[in-house]
Amino acid sequence: MEIVQSVILITAAGSPIGKAISLHFASLGAKLALLDIDKAQLDQTYRACKAVGAQCEAYHLAKQDEGGIKYVFDSVDQQLGSIDVLINYTLGAELPALFSPSSVDRFSHSMLELTTTFFAFGKQAAHYMRSTNRQGVIVNLITQPQDNEQHQNFDSTKAIVSGLTQSWAKELSDFNIRVGGVAPITLGCDCSDCTTNNAINQHLQYEIVRSAEYIVTNDYFNGRMLEAEV
Numbered sequence: 000m001e002i003v004q005s006v007i008l009i010t011a012a013g014s015p016i017g018k019a020i021s022l023h024f025a026s027l028g029a030k031l032a033l034l035d036i037d038k039a040q041l042d043q044t045y046r047a048c049k050a051v052g053a054q055c056e057a058y059h060l061a062k063q064d065e066g067g068i069k070y071v072f073d074s075v076d077q078q079l080g081s082i083d084v085l086i087n088y089t090l091g092a093e094l095p096a097l098f099s100p101s102s103v104d105r106f107s108h109s110m111l112e113l114t115t116t117f118f119a120f121g122k123q124a125a126h127y128m129r130s131t132n133r134q135g136v137i138v139n140l141i142t143q144p145q146d147n148e149q150h151q152n153f154d155s156t157k158a159i160v161s162g163l164t165q166s167w168a169k170e171l172s173d174f175n176i177r178v179g180g181v182a183p184i185t186l187g188c189d190c191s192d193c194t195t196n197n198a199i200n201q202h203l204q205y206e207i208v209r210s211a212e213y214i215v216t217n218d219y220f221n222g223r224m225l226e227a228e229v
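Heads up: the sequence shown at position 214 corresponds to 213 in numbering that gives the first Met the number 0, and the numbers run straight through without jumps.
If you are wondering where the hints come from, they were derived from the structure by calculation, not from laboratory data. Please read all numbers here as calculations on a predicted model, not as lab measurements. Don't take each hint at face value.
[As the list claims (entries may be wrong)] DSSO-like mimics (lysine-lysine), calculated; alpha carbons at most 30 Å apart, straight line:
no., residue 1, residue 2
1, Lys69, Lys122
2, Lys62, Lys49
3, Lys62, Lys122
4, Lys157, Lys122
5, Lys38, Lys69
6, Lys122, Lys38
7, Lys49, Lys69
8, Lys49, Lys38
9, Lys157, Lys62
10, Lys169, Lys157
11, Lys62, Lys38
12, Lys169, Lys122
13, Lys157, Lys38
14, Lys69, Lys157
15, Lys69, Lys169
Could you build all of it, start to finish, from the sequences and the hints given here?
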């Protein structure tokens, strides 16, 4: 897919990763639909993209239900044109240990928090692209919490996103809609030092952004995850 003049909808655009992805695709000439539940952070990303000359619109998602998400897709279509790409970003959920108090309730809450909005965006993008005959791309993106104690649990949530990526790709192949995913993998690093941690975060952002670009531009990439290594 050609990125220039394509319409890319980016969820969690106000987050550091979302902002980095937004600015990168802006530099490549895409039209951006920036979306977040945090209005202040969303406005920061919007202003940054405008400052580099991007054609973009910001959408504050007040309600994360299917109706609210559909409204955003309809608004983007009217203001920017047909949507070509969804960057579907979620943060890895905190999963409880088996023997922890109320582990079943906490697990249910974590899974609901992780998958509901993520799945709803994927569903709406698939429905939109199929109904408009767009040979679009869905990029599922998951990153791990900053807390190092949650890194082990991150493998479990990453597996969920990987499984959804594969199943969606199979389901949507008949409609020429591609689905790929990006997840970070940190190899043998000591993140206790602040300077080191900041350098790792910057490098990780770069790897995630370039991986997302690769999935969008490579018409043969489908149903797989890319691991952004640090």
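Discussion item. Given the hinted pair Lys157 and Lys122, is their Cα-Cα distance within 30 Å?
Written reply: Roughly 19 Å separates the two Cα atoms, so the pair holds.
Item to complete: Take the C-alpha atoms of Lys62 and Lys122, compute the straight-line distance between them, and say whether it is at most 30 Å.
Response: holds (16 Å)
Worksheet item: Taking 30 Å as the top limit, are the C-alpha atoms of Lys69 and Lys122 close enough?
Response: Between Lys69 and Lys122 the Cα gap is close to 10 Å, so the pair holds against 30 Å.
Discussion item. For Lys38 and Lys69, compute the direct alpha-carbon distance and say whether it is at most 30 Å.
Written reply: Satisfied, since the Cα-Cα distance of roughly 19 Å is no more than 30 Å.
Practice prompt. Could you grab the alpha-carbon distance between Lys49 and Lys69 and see if it respects the 30 Å cut-off?
Written response: Holds, at roughly 25 Å.
Worksheet item: Given the hint that Lys49 pairs with Lys38, does the C-alpha gap stay at or below 30 Å?
Response: At roughly 16 Å apart (the allowed maximum being 30 Å), Lys38 and Lys49 satisfy the hint.
Worksheet item: Is the straight-line distance between the alpha-carbon of Lys157 and that of Lys62 30 Å or less?
Response: holds (25 Å)
Worksheet entry | Straight-line alpha-carbon gap Lys169 to Lys157, limit 30 Å | holds (19 Å)
Worksheet item: Is the Cα-Cα distance between Lys122 and Lys38 30 Å or less?
Response: It holds: about 24 Å lies between the C-alpha atoms, which stays within 30 Å.
Worksheet item: Regarding the pair Lys69 and Lys157, is the alpha-carbon distance no greater than 30 Å?
Response: holds (26 Å)
Worksheet item: Are Lys169 and Lys122 close enough, with their CA atoms no more than 30 Å apart?
Response: holds (14 Å)
Worksheet item: Is the hinted pair Lys62 and Lys49 satisfied, with a Cα-Cα distance of at most 30 Å?
Response: holds (25 Å)
The structure agrees with every numbered hint stated previously.
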